[in-house]
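Order-wise, the sequence lines are chains Z and B.
Take any residue in the first sequence, note its place counting from 1, add 3, and you have its number in this note's numbering.
So in this note's numbering, spot 204 of the second sequence is number 203, and the numbers just go up one at a time.
Hints were generated in silico from the structure; no laboratory data involved.
Treat the hints loosely; a few may be bogus.
A partial selection of chain Z residues facing chain B, derived with a Cβ cut-off under 10 Å [unchecked claim]:
| # | residue |
| --- | --- |
| 1 | 7 |
| 2 | 34 |
| 3 | 36 |
| 4 | 57 |
| 5 | 71 |
| 6 | 88 |
| 7 | 154 |
Predicted model, so just to flag it, every value in this text is computed and none were measured.
Glycine is no exception: its CB is placed at the ideal position from the N, C-alpha and C atoms.
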Amino acid sequence: MSRSTHIFLATDLAPRAAADRLAEALGTHATDRDGDVYVAVQLGDAQVGGEVAVNTYGAPPDPEPDEISVLDGYPVAYEIRRVPADEEATLAAARQVFDTLVERLKWPVLLVDNLAVLVAAWNPAEGRTDFPSGTSADADDEAEWSRYAIDAH
Amino acid sequence: MQQRLDKFRAQKEAKQDAGQYVDHRAAKAENLAAREARTGDSASARQNSEAARQSPGTGRQTPEVGRQAPETARQAPETARQAPETARQAPETARQAPETARHDPGTGRQAPEVGRQNPDTGRQPSEAGRQPSEAGRQNAETARREPDGLRPTPEFQQKLDTFREQKEARQDAGQYADHRTAKADNLNHNSAARNESPAGPKSEAGPKAEAAVTQPKQVDGGARQERIEPAAQPHRTDGATAPQQRTGDTPGRPTEVPGANRTSEPRGLAPTPEFQQKLDDFRAQKEARQDAGQAVDHRDAKADNQAARTEGPQPRAGDTPQRSTDVPGANRTSEPRGLEPTPEFQQKLDDFRAQKEARQDAGQAVDHRDAKADNQAARIGDAASPEQEADRSWAADQVTPRQATPRSGDDQNVPRPNDTSREGSATGDGENKETSEGADGAGKPPKGRDATGAGSNDNDGDGDNDGDGDGDGDGDGGSSDDGGSNGEGGAKGPDDKYVGPERRQGEDPDFDPAAERRRQPDRDEQPRTDDNPPRPGDEGFDPGEHRGELRGEFRPGVHDPDGLFSEKERRIADRLGQDDASVHPRERDDTVEGKKNPDAMVRLSPDDPGTVTEFKTLDKANSNTVRRNVLEAGAQVHPYGGGNAVIDGRDVNLSEADARRGYARAVGQAREKNQPMPDQVKIILGDGSIIDFPED
Numbered sequence: 004m005s006r007s008t009h010i011f012l013a014t015d016l017a018p019r020a021a022a023d024r025l026a027e028a029l030g031t032h033a034t035d036r037d038g039d040v041y042v043a044v045q046l047g048d049a050q051v052g053g054e055v056a057v058n059t060y061g062a063p064p065d066p067e068p069d070e071i072s073v074l075d076g077y078p079v080a081y082e083i084r085r086v087p088a089d090e091e092a093t094l095a096a097a098r099q100v101f102d103t104l105v106e107r108l109k110w111p112v113l114l115v116d117n118l119a120v121l122v123a124a125w126n127p128a129e130g131r132t133d134f135p136s137g138t139s140a141d142a143d144d145e146a147e148w149s150r151y152a153i154d155a156h
Numbered sequence: 000m001q002q003r004l005d006k007f008r009a010q011k012e013a014k015q016d017a018g019q020y021v022d023h024r025a026a027k028a029e030n031l032a033a034r035e036a037r038t039g040d041s042a043s044a045r046q047n048s049e050a051a052r053q054s055p056g057t058g059r060q061t062p063e064v065g066r067q068a069p070e071t072a073r074q075a076p077e078t079a080r081q082a083p084e085t086a087r088q089a090p091e092t093a094r095q096a097p098e099t100a101r102h103d104p105g106t107g108r109q110a111p112e113v114g115r116q117n118p119d120t121g122r123q124p125s126e127a128g129r130q131p132s133e134a135g136r137q138n139a140e141t142a143r144r145e146p147d148g149l150r151p152t153p154e155f156q157q158k159l160d161t162f163r164e165q166k167e168a169r170q171d172a173g174q175y176a177d178h179r180t181a182k183a184d185n186l187n188h189n190s191a192a193r194n195e196s197p198a199g200p201k202s203e204a205g206p207k208a209e210a211a212v213t214q215p216k217q218v219d220g221g222a223r224q225e226r227i228e229p230a231a232q233p234h235r236t237d238g239a240t241a242p243q244q245r246t247g248d249t250p251g252r253p254t255e256v257p258g259a260n261r262t263s264e265p266r267g268l269a270p271t272p273e274f275q276q277k278l279d280d281f282r283a284q285k286e287a288r289q290d291a292g293q294a295v296d297h298r299d300a301k302a303d304n305q306a307a308r309t310e311g312p313q314p315r316a317g318d319t320p321q322r323s324t325d326v327p328g329a330n331r332t333s334e335p336r337g338l339e340p341t342p343e344f345q346q347k348l349d350d351f352r353a354q355k356e357a358r359q360d361a362g363q364a365v366d367h368r369d370a371k372a373d374n375q376a377a378r379i380g381d382a383a384s385p386e387q388e389a390d391r392s393w394a395a396d397q398v399t400p401r402q403a404t405p406r407s408g409d410d411q412n413v414p415r416p417n418d419t420s421r422e423g424s425a426t427g428d429g430e431n432k433e434t435s436e437g438a439d440g441a442g443k444p445p446k447g448r449d450a451t452g453a454g455s456n457d458n459d460g461d462g463d464n465d466g467d468g469d470g471d472g473d474g475d476g477g478s479s480d481d482g483g484s485n486g487e488g489g490a491k492g493p494d495d496k497y498v499g500p501e502r503r504q505g506e507d508p509d510f511d512p513a514a515e516r517r518r519q520p521d522r523d524e525q526p527r528t529d530d531n532p533p534r535p536g537d538e539g540f541d542p543g544e545h546r547g548e549l550r551g552e553f554r555p556g557v558h559d560p561d562g563l564f565s566e567k568e569r570r571i572a573d574r575l576g577q578d579d580a581s582v583h584p585r586e587r588d589d590t591v592e593g594k595k596n597p598d599a600m601v602r603l604s605p606d607d608p609g610t611v612t613e614f615k616t617l618d619k620a621n622s623n624t625v626r627r628n629v630l631e632a633g634a635q636v637h638p639y640g641g642g643n644a645v646i647d648g649r650d651v652n653l654s655e656a657d658a659r660r661g662y663a664r665a666v667g668q669a670r671e672k673n674q675p676m677p678d679q680v681k682i683i684l685g686d687g688s689i690i691d692f693p694e695d
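The task is simple: from the sequences and hints, build the whole structure.
Given below as structure tokens:
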């Protein structure tokens with residue numbers, strides 16, 4: 004899997020509890036396997052979803068200014084995969100999931116492609132933003148995503 | 000013996016005649032007679048009279064009377080309560096009856112004396128006078144010899160009654176045992192045995208003599224048969240059991256009369272108030288200590304010991320086995336005494352100890368549970384069931400020191416720190432000189448190499464071509480990092496402090512090679528399953544899915560005839576092929592939710608069993624992106640026992656600085672947050688060059 008898509012969520016819930024809420028919002032259920040928890044939903048002929056886990060993609064310990072990112076304040080990472088696999092279709096399916104969560108969960112949420120590109124964001128204050136293609140989730144485009152940044156440092 | 004007994008009795012009688020000591024039996028008999036006279040025709044009187052009447056006085060039948068005497072007491076609660084002397088005397092009568100019968104059979108001469116000397120009792124002029132039983136004779140004898148008028152004083156009687164009530168209460172509470180019944184039964188049993196004739200039943204007096212005691216209205220032979228049974232029972236040695244209900248017991252009457260079965264209690268003796276007080280105080284203190292767990296209640300143990308003595312020697316806690324104390328387990332208290340280990344067991348034991356000592360010498364932790372399981376199996380003949388074996392394996396797993404980062408994908412293919420195969424397969428940093436000469440382009444076969452080259456598929460012929468030599472069969476699980484990070488003690492970051500997620504033998508004090516081998520049985524002995532995949536040459540072997548040295552089949556380049564690689568993945572594979580690596584795509588398995596699907600199996604040489612490798616293509620050229628992708632690749636290969644990652648930064652023109660920084664950040668984060676890292680990471684820079692991490 005050379006590419007990946009993630010939805011980052013700002014919640015105080017632990018991943019397991021967050022997964023339950025995600026599943027509830029998506030009309031599905033969370034599944035535990037080998038100590039991990041997964042949430043997947045059927046979209047058309049594809050199954051979309053993946054592991055709900057602690058966000059380990061935030062800033063490294065003691066980050067330099069150029070190492071901060073919009074991901075830093077979002078504690079939960081929801082991996083979006085698609086079966087059957089299709090990179091382009093995966094991103095489209097991730098958008099659908101993102102839309103559903105924005106509508107039903109009302110948690111601050113980010114849609115990030117390949118752990119680098121900020122696709123969309125939502126929070127109660129700013130509402131939803133679909134970022135220009137190629138917007139970096141890192142300091143490169145901080146000006147773009149600063150409204151959705153949650154202070155994690 | 001009999002002679003001595005006769006002599007003793009003669010002496011005793013002489014003493015009694017000389018007034019040197021008092022025979023209390025006469026007094027008691029008189030007391031009993033007096034009570035019965037007061038209470039009318041008591042059951043006891045009836046029974047005694049009946050017994051005397053039924054006894055033909057032959058002597059042979061008297062044991063039956065004696066045996067039934069305690070039964071009489073049990074079945075006459077009213078009498079027992081009203082005349083406890085009767086109850087006490089009953090077994091005494093039983094004890095004396097057979098002896099008397101043997102030596103003075105059928106005299107019955109004293110019986111009339113009873114009537115004459117105790118005309119006011121109302122008991123002696125009964126049938127007992129005409130056909131006296133031994134009990135009657137004893138009573139008469141004692142009455143004749145006892146000075147008239149000896150009766151307990153009211154005070155003594157009061158004390159006696161109080162004492163008995165207290166004792167009965169304690170017995171009811173199970174605080175101590177009453178042995179009298181057992182003794183009476185034993186006596187009866189012995190008497191019966193002595194008098195038992197080989198020709199027939201013990202009693203020739205007919206059923207009446209027996210039924211009169213317990214079943215006055217039942218005179219058939221069945222009743223007699225039932226009454227004989229107790230005498231045939233084994234000796235009751237515990238003495239703590241209550242009298243058992245017998246078939247012949249009189250219905251409607253309680254069969255257990257408090258105090259009725261007393262046979263061993265000193266007759267007429269009551270503790271002094273002072274002694275009783277001390278006794279009560281002592282018991283109270285003892286019970287308090289027992290309740291508090293400070294003292295041990297030995298009564299159960301005594302009963303057990305008694306039973307054990309009856310049944311024969313049994314192993315007991317604390318018994319010292321008959322073997323050297325330096326043998327592990329020699330001080331096991333549960334092992335029967337005198338059992339020596341079999342040579343096979345001893346051999347296993349010795350082997351185990353040697354292994355244990357070796358591990359101890361190496362500073363590694365010892366798994367005591369596994370050893371115990373083995374010992375247990377050995378003790379039962381080393382015939383452990385598959386379930387037991389599974390349990391043992393489970394136990395070993397439970398105590399096998401786990402890695403700092405749990406590796407859910409641990410299986411038979413997981414390379415282990417003690418794999419010597421790493422040395423054989425490692426060529427270091429992809430510099431495979433053996434095959435580089437044949438590499439002229441991605442996906443092309445090497446020049447001059449025979450596609451069916453000699454020696455192909457011979458790699459499984461020797462059964463040990465992975466070079467591990469230890470038969471654990473896991474050497475082919477080694478990864479191409481063998482010459483890199485793992486072989487040198489783990490991934491090293493720029494700070495040279497990080498040690499990869501795998502703790503290494505020698506570095507991990509808890510690492511247990513034996514346990515590891517148990518977890519990874521010889522794959523050649525296992526069926527080909529997901530946990531024991533086929534090896535090169537085996538049917539079903541997939542070079543993209545399964546590890547194994549390709550040997551003569553090794554071809555540098557990308558081998559993806561089915562087009563499983565995506566475009567970006569293919570670019571990465573082609574780049575590796577340029578460096579003479581053999582790259583096979585791994586087919587995705589989406590049947591299992593959440594299953595990680597690393598992209599490729601990469602081999603750097605014919606002897607390289609292959610390494611699961613995750614490909615990543617960067618969308619941004621910064622250290623954060625490098626860091627995240629390295630960590631994500633680590634998570635991808637982690638379930639497979641580790642693997643490598645290739646990060647492609649060509650599209651974003653990744654700089655060497657960002658690559659190094661990103662990798663260093665990933666190492667730091669993995670160390671701090673206990674995240675898995677790829678064993679080796681290749682980062683393809685913007686110019687197409689590759690930096691291998693960790694660096695030498």
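Do the hints match the structure? See the list:
1. Evaluation of the residue 7 of chain Z hint against chain B yields a held restraint, the C-beta minimum of about 6 Å falling below 10 Å.
2. Taken as an interface hint, residue 34 of chain Z checks out: its beta carbon lies about 6 Å from the nearest beta carbon of chain B, inside 10 Å.
3. Hint status for residue 36 of chain Z relative to chain B: holds, with the closest Cβ pair at about 6 Å, below 10 Å.
4. With a least beta-carbon distance of about 9 Å to chain B, the hint placing residue 57 of chain Z at the interface is held under the 10 Å criterion.
5. With a least beta-carbon distance of about 9 Å to chain B, the hint placing residue 71 of chain Z at the interface is held under the 10 Å criterion.
6. Annotation: residue 88 of chain Z was flagged as interfacial toward chain B, and the flag holds, the nearest CB pair being 6 Å apart, inside 10 Å.
7. Interface restraint check: residue 154 of chain Z against chain B, minimum CB-CB distance 18 Å, threshold 10 Å, status violated.
Taken one by one, the earlier hints fail for this structure only at number 7.
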